[in-house]
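**Student:** Okay, here's what each chain looks like letter by letter:
Protein chains: 2
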Amino acid sequence: MNSMRTLAEASKRAARALAVATTAQKDDALRAMARALRAASADILRANQGDLAAAEASGKNAAFLDRLRLDGPRVEAMAKAVDAVCALPDPVGEVTERWARPNGLSVKKVRLPLGVVLMIFEARPNVTSDAAALCLKSGNAAILRGGSESFASNQAIAKALGEGLASAGLPAEVVTLVPSTDRESMLELLSLDGLIDLCIPRGGEGLIRFVAQNARVPVVKHYQGVCHVYVHGAADLAMAEAIIVNAKASRPGVCNAAECLLVDAAVAKDFLPRAGRALVSRGVELRGDDEAQRLLRAAGVPVTPAKADDFGREFLQLILAVKVVNGLDEALGHIARYGSEHTEAIVTADKAAAQRFTREVCASAVMVNASTRFNDGGELGLGAEVGISTSRLHAFGPMGLKELTAQKYVVEGDGQVR
Amino acid sequence: MNSMRTLAEASKRAARALAVATTAQKDDALRAMARALRAASADILRANQGDLAAAEASGKNAAFLDRLRLDGPRVEAMAKAVDAVCALPDPVGEVTERWARPNGLSVKKVRLPLGVVLMIFEARPNVTSDAAALCLKSGNAAILRGGSESFASNQAIAKALGEGLASAGLPAEVVTLVPSTDRESMLELLSLDGLIDLCIPRGGEGLIRFVAQNARVPVVKHYQGVCHVYVHGAADLAMAEAIIVNAKASRPGVCNAAECLLVDAAVAKDFLPRAGRALVSRGVELRGDDEAQRLLRAAGVPVTPAKADDFGREFLQLILAVKVVNGLDEALGHIARYGSEHTEAIVTADKAAAQRFTREVCASAVMVNASTRFNDGGELGLGAEVGISTSRLHAFGPMGLKELTAQKYVVEGDGQVR
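Residue numbers (my numbering), protein chains in the order written: chain A, 969 to 1386; chain B, 969 to 1386.
The following block holds chain A by itself, in its conformation from the complex:
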């Protein structure tokens, strides 16, 4: 049981060295890590095949297998992501604000690393390299605790990353894959207040709840996305159709996919049949409230009744809850009740409605006339991300390099006293 404390102490020492490393040192290491990933592609895919076979045998669903699966292009994408992080500006030392005080003091806010970041994740093996690269560039030591289902993949990836790090002369403990996937070692890690500066859990409700209940270290939750697309009465219906199809069907297994369509009664009769047909042709199962069922059935579009718990539910599959609402107030009320503060979208040509929606909806990203799928670090221009925070503290939305830093005040004077 002491092994986790020993592991974290080594990470803390490595973090102190990394905090004062130069940008050039960190970039050398990142380039070497990307090269090592490419060189180890065959090993990584072999390990992933084993993980996939076991997951299939244990009956995991399609969304789970999609998150777990690697292939040549996905490994290349992982290496490219490391190179892309290398190309981003170093956030450490960045002066974000600067002002002078009447007494002549000069005040700056300057970014510094957080220290040691513990990532807890489930099936996505690419998190191993993404998180390692983002932590390294932002000067943080990373402790990576993946799920048992992707353990062989994670080991193969971490081995390659370690070879890259070693060739660049940074301490190996800058990136550590936790060698066990049992709950006891996770519990021990979560208790190490003072050694671990931030824990980022990414995964299903059970995992997040377990971490939140048991952590003595600070946690930024990366929770589920119960994302809505609200088609307002003043929407361009062709635009709305393209947006809901993209939001639901382009990659249903991810957290920024839409789970519920809200349609204003004023346009539901025109909109639901066409949007319903488009969704069904993409393989989507529609689960409607009474009015949505009536309108869809009248147009010959297949629909099943939504159960009460289909609203507020993260399907992560080609299933969409559909509800007809009486205007903006009902839509806002539904989202406040059932949304998960992840991503919410309105489609409307009415500026006042859009403004009220963006002002009143509490979510990490509020979209106007755009797909929920854009709530993503890359798409929003942050570079890569360690995930999407649904906590409001510290970071809300995609966490990129800047969100992995803190800021200190640096105050320069010429002898000022109070």
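Among the hints, erroneous ones may be present.
[Stated by the list, open to error] Within a straight-line C-alpha distance of at most 20 Å, the following computed SDA-like cross-link-like pairs (lysine to any residue) qualify:
#	chain 1	residue 1	chain 2	residue 2
1	B	LYS1370	A	ALA1068
2	B	LYS1370	B	ALA989
3	B	LYS1189	A	GLY1162
4	B	LYS1076	A	THR1064
5	A	LYS1189	B	ARG1184
6	B	LYS1077	A	ARG1324
7	A	LYS1076	B	THR1064
8	A	LYS1076	B	GLY1346
9	B	LYS1077	A	PRO1059
10	A	LYS1076	B	ARG1324
11	A	LYS1077	B	LYS1370
12	A	LYS1189	B	GLN1181
13	B	LYS1077	A	CYS1330
14	A	LYS1370	B	ARG1079
15	B	LYS1077	A	GLU1065
16	B	LYS1370	A	LYS1127
17	B	LYS1048	B	SER1009
18	B	LYS1189	B	GLY1221
19	A	LYS1048	A	LYS1127
20	B	LYS1076	A	GLN1323
21	B	LYS1237	B	ASP1204
22	A	LYS1319	B	GLU1062
23	B	LYS1077	A	ARG1079
24	B	LYS1076	A	ASP1344
25	A	LYS1077	B	THR1064
26	A	LYS1370	B	LYS1076
27	B	LYS1319	A	ALA1068
28	A	LYS980	B	GLY1349
29	B	LYS1076	B	GLU1380
30	A	LYS1319	B	VAL1063
31	B	LYS1370	A	ARG1066
32	B	LYS1319	A	VAL1185
33	B	LYS1370	B	GLY1349
34	A	LYS1319	B	GLN1181
No lab work stands behind these hints, which were simulated from the structure alone.
Put chain B on the given structure of chain A with help from the hints.
**Tutor:** Relative to the frame of chain A, chain B by itself:
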């Protein structure tokens, strides 16, 4: 026991109303609160006299009594602080960044309130009105849980604030003083994840540790200040003397007061006698390491031996630990080991030394040629503050209005899909 949940649920409802209140509504309420504080001054002072008498009878020390004591000017200062918060710009709705993506999406980061903020504090009654005003202006409902020693003072202040709120038409539950000071009700409050969005504990080590150990809600710690002044070999010694006297003696009971003086061996013989005399003349007891004792005694300045635990200790009184170090590396090592990441100062005319100090010291504020006492929201230009965070997550240093908000992404498009 259910009363704390009921109380927090009422705060959550009030927070939802407050989140969409206009700046004018909030400012009306703040002005009314300031007026009500002034009108209730006699009642507040009477209540405070009772608290003070009880604290004196129970043998509290001078620093504690200083924090607890109110007088006419201090009540007026509380009302002025509320007016000052009213005069600050409303952070809610502020667009902090804005950029466009190649696909035409417009991305903004927009401030929103955190929700419900729980302040847990000990003896300072002014925290009641300071925290209430800052929370209200930033759109957050405040739950204020003060210590038993200041309970009568806090009640009198909260009563006045409530009268002000009522006259301005905002829900009374926007500001709630917890009606009990026992640990059971605090424990219940700390368990209310989902109802309380942030807990800010301010006080001694025991309180902070209790909160950190027991909270299921997010916590930003406002911990002790073990602040150092490091007099570098290239320091202007007159400036250094003025800074250490101010940092130690101007208000020893506060967290940004200095607790330890580090002096480079190269200037210790010149500096310690003059600085020692100045400090002793202000009533400061010096506790030196061997070399500091030798130099001070040789100059006839009274000094006692520092015990091992005098380094890293927050005296909060007119006591100063003194140590002679061999240059910047030893000073950085001492601060890394004994500092509390609150405030650290260097006095030097050497730019390279100052740069290394500001880069390598991890503290919420790093001062160059200025007193540690400037680590304060008002002094740094943030307006009032709810305290000084020693957590690196979310906010590091003084927490003013902006630090009581989160930021969401608002993304505007014209039909973009991925």
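**Student:** Is the straight-line distance between the alpha-carbon of LYS1370 of chain A and that of ARG1079 of chain B 20 Å or less?
**Tutor:** Given pair LYS1370 of chain A, ARG1079 of chain B holds - Cα atoms ~17 Å apart, limit 20 Å.
**Student:** Checking one constraint from the list: CA of LYS1189 of chain A to CA of GLN1181 of chain B, max 20 Å. Satisfied?
**Tutor:** holds, 19 Å
**Student:** For the pair we were handed, LYS1370 of chain A and LYS1076 of chain B, check the Cα-Cα distance against 20 Å.
**Tutor:** holds, 16 Å
**Student:** Does LYS1077 of chain B pair with GLU1065 of chain A here, judged by a C-alpha cut-off of 20 Å?
**Tutor:** OK: LYS1077 of chain B and GLU1065 of chain A at ~16 Å, within 20 Å.
**Student:** For LYS1189 of chain A and ARG1184 of chain B, compute the direct alpha-carbon distance and say whether it is at most 20 Å.
**Tutor:** holds, 13 Å
**Student:** Between LYS1077 of chain B and ARG1324 of chain A, is the straight-line Cα distance small enough, at 20 Å or below?
**Tutor:** holds, 16 Å
**Student:** Would you check the hint for LYS1370 of chain B and LYS1127 of chain A, treating anything up to 20 Å between C-alpha atoms as holding?
**Tutor:** violated, 42 Å
**Student:** Are the Cα positions of LYS1370 of chain B and GLY1349 of chain B separated by 20 Å at most?
**Tutor:** holds, 12 Å
**Student:** Hey, LYS1370 of chain B versus ARG1066 of chain A, does the alpha-carbon distance stay inside 20 Å?
**Tutor:** Judged against 20 Å, a Cα distance of about 16 Å means the pair holds.
**Student:** For the pair we were handed, LYS1076 of chain B and GLN1323 of chain A, check the Cα-Cα distance against 20 Å.
**Tutor:** Cα-Cα ~13 Å, so holds.
**Student:** Would you mind confirming whether the straight-line C-alpha gap from LYS1076 of chain A to ARG1324 of chain B stays at or under 20 Å?
**Tutor:** The hint holds at about 15 Å.
**Student:** Would the pair LYS1076 of chain B and ASP1344 of chain A pass a check requiring their Cα atoms to be no farther apart than 20 Å?
**Tutor:** holds, 14 Å
Violation of the numbered hints given earlier is confined to hints 16, 28, 32 and 34; the remaining hints are satisfied by the structure.
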